[in-house]
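2 protein chains.
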Amino acid sequence: MSSQPPHPALLIPGPIEFDDAVLQSMSHHSESHVGQPFVNVFGDVLAQLRKLFQTSDPASQPFVLSGSGTLGWDQVAANLGEPGDEALVLHTGYFADSFADCLETYGVKATQLKAPIGDRPQLDEVEKALKEKKYKILTVTHVDTSTGVLSELKALSELVHRVSPDTLVVVDGVCSVGCEEIKFDEWKLDVVLTASQKAIGCPAGLSILMASGRAIEVYKTRKTRPTSYFGSWNNWLPIMQNYEAKKASYFATPSPQLIRALHTSLTQILSRPLEQRFADHRNMSQKIKKAIGDLGLKQLSSKPENQANGMTAIYLPEGITPPDVLPSLTKKGIIFAGGLHKQIAAKYIRFGHMGVSVTDPNRTDIDKAIAALKESLAEVGYKA
Amino acid sequence: MSSQPPHPALLIPGPIEFDDAVLQSMSHHSESHVGQPFVNVFGDVLAQLRKLFQTSDPASQPFVLSGSGTLGWDQVAANLGEPGDEALVLHTGYFADSFADCLETYGVKATQLKAPIGDRPQLDEVEKALKEKKYKILTVTHVDTSTGVLSELKALSELVHRVSPDTLVVVDGVCSVGCEEIKFDEWKLDVVLTASQKAIGCPAGLSILMASGRAIEVYKTRKTRPTSYFGSWNNWLPIMQNYEAKKASYFATPSPQLIRALHTSLTQILSRPLEQRFADHRNMSQKIKKAIGDLGLKQLSSKPENQANGMTAIYLPEGITPPDVLPSLTKKGIIFAGGLHKQIAAKYIRFGHMGVSVTDPNRTDIDKAIAALKESLAEVGYKA
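Those protein sequences? They're chains A and B, same order as listed.
Residue numbering for the first sequence is 1 to 384, as defined by UniProt numbering.
Residue numbering for the second sequence is 1 to 384, as defined by UniProt numbering.
Keep in mind the hints are simulated off the structure, nothing from the lab.
Treat the hints with care, since some could be wrong.
[To be verified] Just so you have them, the derived chain A footprint on chain B, three or more residues with Cβ under 8 Å:
{"#": "1", "segment": "66-75"}
{"#": "2", "segment": "132-140"}
{"#": "3", "segment": "201-210"}
[Said to hold, decoys possible] Below are the DSSO-like pairs computed for lysine-lysine, each with C-alpha atoms no more than 27 Å apart in a straight line:
{"#": "4", "chain 1": "A", "residue 1": "Lys114", "chain 2": "A", "residue 2": "Lys133"}
{"#": "5", "chain 1": "A", "residue 1": "Lys246", "chain 2": "B", "residue 2": "Lys342"}
{"#": "6", "chain 1": "A", "residue 1": "Lys342", "chain 2": "B", "residue 2": "Lys220"}
{"#": "7", "chain 1": "B", "residue 1": "Lys223", "chain 2": "A", "residue 2": "Lys109"}
{"#": "8", "chain 1": "B", "residue 1": "Lys133", "chain 2": "B", "residue 2": "Lys188"}
{"#": "9", "chain 1": "A", "residue 1": "Lys383", "chain 2": "A", "residue 2": "Lys331"}
{"#": "10", "chain 1": "A", "residue 1": "Lys223", "chain 2": "B", "residue 2": "Lys109"}
{"#": "11", "chain 1": "A", "residue 1": "Lys347", "chain 2": "B", "residue 2": "Lys331"}
{"#": "12", "chain 1": "B", "residue 1": "Lys246", "chain 2": "A", "residue 2": "Lys332"}
{"#": "13", "chain 1": "A", "residue 1": "Lys133", "chain 2": "A", "residue 2": "Lys109"}
{"#": "14", "chain 1": "A", "residue 1": "Lys247", "chain 2": "B", "residue 2": "Lys342"}
{"#": "15", "chain 1": "B", "residue 1": "Lys342", "chain 2": "B", "residue 2": "Lys114"}
{"#": "16", "chain 1": "A", "residue 1": "Lys331", "chain 2": "B", "residue 2": "Lys246"}
{"#": "17", "chain 1": "B", "residue 1": "Lys383", "chain 2": "B", "residue 2": "Lys298"}
{"#": "18", "chain 1": "B", "residue 1": "Lys109", "chain 2": "B", "residue 2": "Lys154"}
{"#": "19", "chain 1": "B", "residue 1": "Lys188", "chain 2": "B", "residue 2": "Lys223"}
{"#": "20", "chain 1": "B", "residue 1": "Lys368", "chain 2": "B", "residue 2": "Lys332"}
{"#": "21", "chain 1": "B", "residue 1": "Lys247", "chain 2": "A", "residue 2": "Lys331"}
{"#": "22", "chain 1": "B", "residue 1": "Lys109", "chain 2": "A", "residue 2": "Lys220"}
{"#": "23", "chain 1": "B", "residue 1": "Lys332", "chain 2": "A", "residue 2": "Lys342"}
{"#": "24", "chain 1": "A", "residue 1": "Lys246", "chain 2": "B", "residue 2": "Lys332"}
{"#": "25", "chain 1": "A", "residue 1": "Lys246", "chain 2": "B", "residue 2": "Lys331"}
{"#": "26", "chain 1": "A", "residue 1": "Lys114", "chain 2": "A", "residue 2": "Lys134"}
{"#": "27", "chain 1": "B", "residue 1": "Lys332", "chain 2": "A", "residue 2": "Lys247"}
{"#": "28", "chain 1": "B", "residue 1": "Lys347", "chain 2": "A", "residue 2": "Lys247"}
{"#": "29", "chain 1": "A", "residue 1": "Lys342", "chain 2": "B", "residue 2": "Lys247"}
{"#": "30", "chain 1": "A", "residue 1": "Lys332", "chain 2": "B", "residue 2": "Lys247"}
{"#": "31", "chain 1": "A", "residue 1": "Lys133", "chain 2": "A", "residue 2": "Lys220"}
{"#": "32", "chain 1": "A", "residue 1": "Lys347", "chain 2": "B", "residue 2": "Lys246"}
{"#": "33", "chain 1": "B", "residue 1": "Lys303", "chain 2": "B", "residue 2": "Lys290"}
{"#": "34", "chain 1": "B", "residue 1": "Lys331", "chain 2": "A", "residue 2": "Lys247"}
{"#": "35", "chain 1": "B", "residue 1": "Lys220", "chain 2": "A", "residue 2": "Lys109"}
{"#": "36", "chain 1": "B", "residue 1": "Lys342", "chain 2": "A", "residue 2": "Lys220"}
{"#": "37", "chain 1": "A", "residue 1": "Lys183", "chain 2": "A", "residue 2": "Lys220"}
{"#": "38", "chain 1": "B", "residue 1": "Lys347", "chain 2": "A", "residue 2": "Lys246"}
All residues carry an ideal CB built from backbone N, CA and C; glycine is no exception.
Using the sequences and the hints given, assemble the complete structure.
Right under this line is the structure:
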């Protein structure tokens, strides 16, 4: 039985429901951020992240900073970008606009390649764009939390390496790391950034990032100083290397409780083959998408190959808006999220299905959610 | 009885020991960052911070961001500084060097006014410096965690307002907010920044900052865009205002668990008169400093008016270094910190006395620590 009090199942695209043991780690007694017990745990976390991202290249470098996923964008812009550099931002929703805004803040020129809502830029369009201008950085949102659109990383990275081999491939994996397959080395990715509170299954408050040896080299050979202090790899690189070597080190105080919780969560994730975890998410996603279709509802992402496996963005029936169904769902013990894509926010809702709600066979969150959605729609007069 | 397992008392200058209820809030079940229950709690926290900082001016603006205390420096540098601006940095230890480095990262020219180790710049020296050049920002470390030197804010701020009235008075209160008296309005401070894990008594992971109406005006009338994204008030100001008005709002995902724990901690702090809390810390500090003197030991900060009330930096006897005593202290259930000021790190240790270890009458941490220090020194042959 869960040690958590009864509460509505949080099925938004992050934060997600957390395992009891992870939440218990959050209340770990106070300990020194430079004491050996904590240093050992932080070191283990960095090694675990290498496994989660499927990188065995010793030149790859994990970073875990106090902050939100957004801080990963600042790390990319401030450490890999220099004023005047060019970035190609592949747009599949709200988060590309924001990442572009972040890049521009640091003086990097961001060119967005947009797709219609629910779709993603096609490879031939990306190829054309890469041939028109030399880009230092290409960014792609693996899963855009505003639309549920999944990007295809493997073929995209192959294309970039073929057409524009010096361009760094930067992946926003905030809504994908831990539930979508990512092979960092094999796919030759340069940065994958994420946050703790989605498919990794640890409460919010950590910016998590993996950089390739090539990205670290670009950072090391930059001409100007990184234009952030808190997010600067000048400050954090030696700290992360020391922690991983189990040596105490200090730049800014990390959060021992969050790192302990992340350790618990990563230990659980890595106790099973990753392939199985990704398959669980794919299978549950298929089941949900079929149920949504059976209800006569459409997804924002209309092509199967564009559909995320950890969330579903669902168009409401004509004339029904999120406030018509979300409070009724909450009364039934289910929390979904409203729309986030500005142009269509009032037309859709978002259903997150990541982590323990998917992988823990004792939980019935998903089945309850589908039933509750059906009932709530019926209450406002909708018939499938 | 405490719900925490037995563990050594953490008496470093942060993180500190935490109250059971605060740690229990850290394991709060998952909730939406835009759901009303959490929004209400975040709103309450912002209102509580106004009380803690003793500001009733509605133009004052609190900020709570995921990050460490260091992120407060970035907020100051990126939102109040513009490239080419001048800052006068009062130096009382390690943290002034770092704050200066942060300001320079954002293109602000930092001039340091240094004092001998254990002392602070004198008011006549500050006056002279302010008359020599026009500074947009003056920064002062209220308590430098590396030296235990306390700065005098009231007279300093009066001086700045008299001699250089346009200069913003920025206080690094990381090791002071919650244990040293701060009257934000009455002393006409412009920024006080801090972190959660010291005298506020909430686990690490939050950057907490109060800005005056005047500081917000300087930010609003800046000519260039803030040069940070994650730390930009362009992004956070509307969010903080919405949260305080109990309206859901989104820029980047906050940490509901940390905000819940902060709420618990601030509720405890504000349940008693602040004056009493500060007096408790002063009285305990006096007791500790007397015991240190009785042991024949000297403090880094030799003048009583320079001595912090939440920590004590203690010179070890000649020939004894931190590794000679810290492990032995840990065996006795007491964790102190080593030296941090680079020039003298091997010569001293630091004893933190903030929060529940001071205010909870059921705890005996401090008495045990003094006894353990005496024993550990005796073990290596030192006699008072």
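Straight-line alpha-carbon gap B/Lys332 to A/Lys342, limit 27 Å: violated (59 Å)
Agreement of B/Lys247 and A/Lys331 with the hint, judged by alpha carbon distance not exceeding 27 Å: Holds, because 20 Å separates the two Cα atoms, which is no more than 27 Å.
Hinted pair A/Lys342 and B/Lys220, Cα distance within 27 Å: Holds. A/Lys342 to B/Lys220 sits at ~26 Å (cutoff 27 Å).
27 Å Cα cutoff - pair B/Lys347, A/Lys247: Since the Cα atoms of B/Lys347 and A/Lys247 sit roughly 21 Å apart, the hinted pair holds (cutoff 27 Å).
Hinted pair A/Lys246 and B/Lys331, Cα distance within 27 Å: holds (21 Å)
Proposed proximity, B/Lys246 with A/Lys347 (alpha carbon, max 27 Å): holds (24 Å)
Hint consistency between A/Lys246 and B/Lys332 [alpha-carbon to alpha-carbon, up to 27 Å]: holds (24 Å)
Given pair status - B/Lys223, B/Lys188, alpha carbons within 27 Å: Given pair B/Lys188, B/Lys223 holds - Cα atoms ~25 Å apart, limit 27 Å.
27 Å Cα cutoff - pair A/Lys114, A/Lys133: Holds. A/Lys114 to A/Lys133 sits at ~16 Å (cutoff 27 Å).
Hint consistency between B/Lys332 and A/Lys247 [alpha-carbon to alpha-carbon, up to 27 Å]: Holds: B/Lys332 and A/Lys247 sit about 23 Å apart, inside 27 Å.
Given pair status - A/Lys109, B/Lys223, alpha carbons within 27 Å: holds (20 Å)
Distance restraint between A/Lys246 and B/Lys342, which requires alpha-carbon spacing of 27 Å or less: holds (22 Å)
The earlier numbered hints that this structure contradicts are 2, 11, 23.
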